[in-house]
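K.L.:
So the sequences go chain by chain: Z and D. Quick note on numbering that gives the first Met the number 0: the first sequence kicks off at 0 and runs consecutively. Quick note on numbering that gives the first Met the number 0: the second sequence kicks off at 0 and runs consecutively.
Because the hints were derived from the structure by calculation, they are not lab data. Backbone N, C-alpha and C define an ideal beta-carbon position, used for all residues, glycine too. Among these hints, one or two may not hold up.
Claimed, not checked - The calculated EDC-like cross-link candidates involving lysine to aspartate or glutamate, where the alpha carbons are at most 20 angstroms apart (straight line), are:
hint	chain 1	residue 1	chain 2	residue 2
1	Z	K237	Z	D312
2	Z	K10	D	E120
3	Z	K6	D	E120
Claimed, not checked - Covered by chain Z, according to a simulated footprint, are these stretches of chain D (three or more residues, beta-carbon under 8 angstroms):
hint	stretch
4	219-227
5	261-268
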Amino acid sequence: MGKYLQKRIVKGIITFFITITLTFLIVRLMPADPTTMLMDNRLTVAQQEQMLEDFGLDKPLPLQYVSFLGNLFKGDLGLSFMQKRPVMDIIKERLPWTLLLMIVTQAITLLIGIPLGVYSGYRRGSKIDHFINGISIFGISIFVPWLGFTLLYIFGYQLKMFPVGGAFTPGIEQGLPYILDVIKHLVLPVITLVFLYLANYVLYTRGSIIDVLSEDYIRTARAKGLKEKDVLWKHATKNAMIPTVTSAGMMLGSMVGGAVLTETVFAYPGVGRMIYQAVGQQDYPILQGAFIILALSVIIMNIVTDILCAYLDPRIKLE
Amino acid sequence: MSKEKRYEKEVKAFLSHRLGMIGLIGVAILILIAVFAPFIAEPVSGYGEYEEKLLPPSSKYWFGTDDMGLDLFSQVIWGTRSSIRVGIIAVFIAISIGVPVGLLSGYYKGLFDTIGMGLTEIFLTIPMLPLIIVTAAVLETTSINTVAFIIGIFSWPSIARITRSTALKICGMQYLEAAKCLGIKTSKIIFKHILVNASTPIFVNLTIIMATSIITESAISFLGLGDPLAHSWGKILNNAHLSGAFGTAWWFSLFPSIAIMIFVVSFNFLSMGIRDALNPRISRE
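Isolated chain Z (complex conformation):
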């Protein structure tokens, strides 16, 4: 286990390193010069130079890269062009909301998706199986912003069941009312994302339950006279879950993408919406910082998923 964990973490670090290098190159090699955007003609030459120095844009590219890496390890992601304050501070305010949204979505999707997939695979070829499959495919095909706006329009504006945006009501800041308020704001964005990602889990679980059900040990379990219910939901499901949990790790990256769109639609104050705003303002340090932090979160959650898989499937440790 120790060795597996070590290998997994080293891989994570390499992934992170390549990710940040890629980001650095993409942002620095852009055709538009950030310095011209930043500058105001009314500033004196000395002031302009001072400003370039503040943002670290006066040095040659390799030096910028070295100082970028150095700062990164100190937790410094530079200054926002627009807000003129550290990117790290801005992200710190935003990240918890995105993580909350993603973790709740992931948990609910797995809780609904695995049983649906198991049942659908067990009754494969039946009407119910086709129905579940069809709904799942529609789920991946719906364009997130439209689903979001439709839910917002029906349940927010018309029925007034849920708030029309944001993550909390200003003024309510403590205790149970605060928690209930946050949950209320979370419902519509989570429904949007769950609908979007459900299909993947359903189809994965369905595929693996079909494989598992033809295994010898299932026949043994049936021959022992175990109830069909136990065979399916205990013996088969446990094994069928492994590929699904693995894919859950792989899905995290694309889930971040869904979060960007969902947060934009629901004006949810997470990192995703921040990216949308930064695009409009051409605030590259924010874009770069947001991407790095999102990638880091995904890499860490991936390692956690892998450890979970190793726990579910003891064979993995032997590799």
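Given the structure of chain Z, go ahead and fit chain D onto it with the hints provided.
P.N.:
Leaving out everything else, chain D in the frame of chain Z:
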């Protein structure tokens, strides 16, 4: 079973796969609309008549008009053309990176495999949409081709994986050992054996890439990073969002969304049909 007989059986299996056929018909219709767009609707641009803005669907404007008074039916039809174009370019780029990476990894193994699969895994792990957004944001001129190109560059990992696993499988077979002993050229082994065998799973994957590339393109356009001159379903939704007509003019966002859905569902159904026809165990008893 002979090769022809198996092929015949697979085609039959596909033809009797209801969802697969719906997908095939859907894809065919979309391609026809894209090709014959100029005969179906006049392209619109600029500003329309002020009195005609945000009109609901009528016999004159089947899908209604947008906040500029422009015909939405025409925009959706021409959007089909852009979408097919984005899909084709993205798929082409994805193949031209994915297949070589997969071949190098699976056939030559060793260091190639370590690097190739390492890169694949990294690309599959990191959040793609934000990276595509960052890339599109720093490229100041975003034509529809650039957007398609960026999407393609980030879509190759699944192709690389499939090519690699086919290459590994074929290389482990005895007849390939024999072929190598007989001195058959590497290029022939790669093209005649590995690529021929990999072509079907790659094709299934391409239909999925077609579908996801349109979702990505729509997302980019929706966020206001697309080609400002091209007709794109995501751009219509962006206009609907920015003009604040999402709540009042339902037709503004509904029709482009349905178009996206038809596109994605068709390609997904098509890939399901092909996959099930080749691997009957998954769908039937």
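K.L.:
Against each hint, give a clear statement of whether it holds in the structure.
P.N.:
Status of the hints after comparison with the structure:
1. Z/K237 - Z/D312: holds, 9 angstroms
2. Z/K10 - D/E120: holds, 10 angstroms
3. Z/K6 - D/E120: Judged against 20 angstroms, a Cα distance of about 14 angstroms means the pair holds.
4. 219-227: Held - the stretch 219-227 of chain D has 4 residues with a Cβ nearer than 8 angstroms to chain Z, which meets the minimum of three.
5. 261-268: Held - the stretch 261-268 of chain D has 4 residues with a Cβ nearer than 8 angstroms to chain Z, which meets the minimum of three.
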